[in-house]
Amino acid sequence: MNKAGGPSGGGGGAGSGPTASSAAAAAQKQRSLLQRLDNDISNIVDSFSLLVSVSRVNEPPVRNSQEAFLMEIRAAKLVQSADALLKLVSELKQTALFSGFASLNENVDCRIAAFDQEAETTEKILQRIGEEAAGSLKELESHYYSSVARNFAHE
Amino acid sequence: MEVERSKRMRIDVDKLPMKRLHAIDEIGNEQFPLDKSNEEQRLSAIHRIDFSVLVEKENEKEKEKNEKELSKSKDGQQQTWQGLIENLQQAQHELSVILDLISTVEANDMVAVAGMQRPKPLPNEALADFAVSAATKVQCLRHLGKYFKQSSKAMEQQVSMEARFYGSLIRLQQNWKVKRQRVGGNEGFTFDLFDSSFSSASDATAMTRPSHMSTISIDRDTSGMLAIHLPQKSYHTLSLRFLGDDDSSTCRIKSNTSEKKASSSGSGMAWQSTSKESPMDEDVNSCIETTHSILRDIHRSLFEEKVFDMVNREAYNSQSSQGINVTGMRQDLLQLVIGQDNSLCISLVLSEAERENKEKGKDDSYNEDSSEMFSSSALVPISLPTDDKNGPSRSSSKLALSSNPVLSLQIYLQSIFHQEALLKAKEGRGSSGSLLAHFCMTAAHRVFSNKVLSILENLVSRVPYVELVSLPTWHSRTSSWNLRLKVPEASSVVDGGSQKQTRRSQFLTNVVIKDGQISLRGQSSATVVASFTGDAAEPHSVNAYSCDLEDFPMFILHQVASQVIQWLHEEALVVGMKTSMDMLSLKMNLEQGDILSLLARVDPDDASACISWVLAMLPSGTEDAVTFSFNQTDSENTRLKSLGSLSLESLHSVLMDLANICGDSTI
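Protein chains in written order, with the working numbering: chain Y, 1 to 155; chain D, 1 to 667.
Some clues are possibly wrong.
As the list claims (entries may be wrong) - What the simulated footprint calls covered on chain Y by chain D, stretch by stretch (three residues with Cβ under 8 Å from a Cβ of chain D suffice, anywhere in the stretch; the number is not a length): (1) 30 to 43; (2) 63 to 75; (3) 130 to 139.
As the list claims (entries may be wrong) - Below, simulated BS3-like cross-link-like pairs (lysine-lysine); rule was C-alpha separation at most 25 Å, straight line: (4) 138/Y to 137/D; (5) 29/Y to 179/D; (6) 74/D to 61/D; (7) 124/Y to 486/D; (8) 138/Y to 124/Y; (9) 93/Y to 153/D; (10) 177/D to 578/D; (11) 87/Y to 177/D; (12) 138/Y to 451/D; (13) 63/D to 74/D; (14) 65/D to 149/D; (15) 486/D to 93/Y; (16) 514/D to 451/D; (17) 149/D to 61/D; (18) 424/D to 124/Y; (19) 57/D to 68/D; (20) 424/D to 177/D; (21) 486/D to 587/D; (22) 74/D to 77/Y; (23) 451/D to 87/Y; (24) 149/D to 77/Y; (25) 87/Y to 179/D; (26) 138/Y to 486/D; (27) 77/Y to 177/D; (28) 29/Y to 486/D; (29) 68/D to 77/Y; (30) 137/D to 93/Y; (31) 87/Y to 74/D; (32) 87/Y to 146/D; (33) 29/Y to 93/Y; (34) 87/Y to 29/Y; (35) 514/D to 578/D; (36) 149/D to 137/D.
What the hints assert, rightly or not - Below, a sample of chain D positions facing chain Y; criterion: calculated Cβ distance under 7 Å: (37) 136; (38) 150; (39) 166; (40) 467.
If you are wondering where the hints come from, they were derived from the structure by calculation, not from laboratory data. A virtual CB, placed ideally from N, CA and C, is assigned to each residue, including glycine.
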């Protein structure tokens, strides 16, 4: 089984790449992902807290429409942050799919070992089948040649 | 009292404007003044501005208020009306101030507003405002709540879709290589089925078949399930056929995945999701299994294409000295002649399902949503599921049980090329010999050994005391059998009280086929070759020799007959007879000097029995009893007596009788 391909920049740990530049790129990628995560979470929290604070009923009625608009904006921003978070999760899954070289290689090695084991088992099974077939053939031949049918045919 | 009350009571009447008074005529009708022009209005407004009057009025009003307050305590009802009147007056006063202000502004006079004071709202007004604000907020929050619900539902669906897709992709990635590609801004995934173990640097310039099947693009359907795009008409299977065989002997194998339904719409989507919006885990599992089996079939098809390419390449580069001649070569077909007799055709054909689809056409009922087009090159087991449509499978099951070697040869071809690929991948080198040559010799050996086997079976069926024993060699180009001649158990002979003599219970002849060469090895009284060539040979020797197919039956029968003669000779020696063996005869000397000979006649073409026996009375001095018997006929000479085909027991009894006749028996 062949190893997976994909972009070289991955989500692996810093310092584990073959070269310093790739390790730095990986670290940078990790930082950017964490930054995005923090931004999205903070946006969600801020939007929600502002929503709650704006929900208070104030005396001047003129402010209500202004606050309603503000609440809609914040709600939209909250949903947008959640969507961005989902995209981040997708991106992380893709990164895990294509850039988790350690786990991929380990998986490949495990599969190779499993297939080799299966191949050996199959070989042994085939050998055993062959031996059993040979034994069965020998038995059948002896039965046939000692059977009444064959002897009767020649009588 | 009433006079006092009348003195204390004061009635204040508002002063009417003089102009209005003047406007009222004697009758009492008020004559309203005509509309004035703007300038007149402006002037009148200016004249009207007299704040001192207003101040006086306010003072008066305050006094009046005090007086009213005093009078209020006295008369409640009057105070209520008076309060109302006061409020109206205040309102009028304020309105007049405002009107004056407006008219002043209209006159473009600068007016400095000292201050504006909104009157404090009443509690009910404040509460009403608060209630309106709260209701507005509640409505806004409800709207936001609906929006959040819709968004959460959509996000949950998206999350589940992503989980299904990526979960399937991760599970399939355990066995297949997944690649990411970006086409036109859109990101997509593909399965890369290219097997690098078949390619190497030296093969870069070799003829390779471009396979568009090695990259399978991945897509997702509306429910988020993983789906793959398949190009149509691209499944090929390897097909072996000996030229001259009918189509039923062609090895066509059908995949078990043909039982699984898969869609084949015009876009080539492999998996069509169910109509459910949220597929269950079982649907996901079955989708993954179907995809996996489809990919496996594609991979197998690619492997068979590679095998065909390698066969093609080796045939193109092979030398005719290896015994292989290429008689036909096309893109998908290769015809070989192995040796002089065997013609083999190796081709790439469409898979079973694709051929069925082609035959059935587009009107087929299961062409749109479910087809078997992805069943390509899996090996079919011997026991196939009963299916009325499964015509080819019945023939293939017959093939499996018959002596047709096509299926096993195809498996063997794939196996040796696979081993070659593995060697290259692991050790970076290939095998030293030509695989195609080896395979062709294997195929030729299979055909030849089948012929030899049929000859042996035919002979054994006509010789009752010979048994054919198969000896598996587990080598592709070597076959071996034993012909076992089982002699009857004889009673132990005691020779003057001495120990028992151990005698053989069987005679073995080993037949080995190796690369078209037949080798015989067995015990006999004399070498069979010597019987043909006339050379002297040592008796009781284990000899080995080769022969060709035409002489093979005769060699076998000679060997068997000589073994029988040898056994009879041993039996005769046991009973004390003086006998001698010579090729296919057992000679006993009579007292008169004549020789009584028991001769074996072999005839491979005899339908009833291949070995028959003749008793001959030979004149003294006859050396070659067999030649003598061939020169005689039964009708001419009473010295020959044909005994026909006899069993070993009968032969033994004949021998005993001869022993008695000869008078040399010591029993």
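Here is how each hint holds up against the structure:
no., hint, result
1, 30 to 43, "violated (count 0)"
2, 63 to 75, "holds (count 7)"
3, 130 to 139, "holds (count 5)"
4, 138/Y to 137/D, "violated, 94 Å"
5, 29/Y to 179/D, "holds, 20 Å"
6, 74/D to 61/D, "holds, 19 Å"
7, 124/Y to 486/D, "violated, 35 Å"
8, 138/Y to 124/Y, "holds, 21 Å"
9, 93/Y to 153/D, "holds, 22 Å"
10, 177/D to 578/D, "violated, 83 Å"
11, 87/Y to 177/D, "holds, 24 Å"
12, 138/Y to 451/D, "holds, 21 Å"
13, 63/D to 74/D, "holds, 17 Å"
14, 65/D to 149/D, "violated, 64 Å"
15, 486/D to 93/Y, "violated, 75 Å"
16, 514/D to 451/D, "holds, 13 Å"
17, 149/D to 61/D, "violated, 65 Å"
18, 424/D to 124/Y, "holds, 23 Å"
19, 57/D to 68/D, "holds, 15 Å"
20, 424/D to 177/D, "holds, 20 Å"
21, 486/D to 587/D, "holds, 23 Å"
22, 74/D to 77/Y, "violated, 69 Å"
23, 451/D to 87/Y, "violated, 70 Å"
24, 149/D to 77/Y, "holds, 15 Å"
25, 87/Y to 179/D, "holds, 19 Å"
26, 138/Y to 486/D, "holds, 16 Å"
27, 77/Y to 177/D, "violated, 39 Å"
28, 29/Y to 486/D, "violated, 84 Å"
29, 68/D to 77/Y, "violated, 64 Å"
30, 137/D to 93/Y, "violated, 41 Å"
31, 87/Y to 74/D, "violated, 83 Å"
32, 87/Y to 146/D, "holds, 23 Å"
33, 29/Y to 93/Y, "holds, 14 Å"
34, 87/Y to 29/Y, "holds, 15 Å"
35, 514/D to 578/D, "violated, 42 Å"
36, 149/D to 137/D, "holds, 18 Å"
37, 136, "holds, 5 Å"
38, 150, "violated, 9 Å"
39, 166, "holds, 5 Å"
40, 467, "holds, 4 Å"
In the structure shown, a violation is registered for the earlier hints numbered 1, 4, 7, 10, 14, 15, 17, 22, 23, 27, 28, 29, 30, 31, 35, 38, in ascending order.
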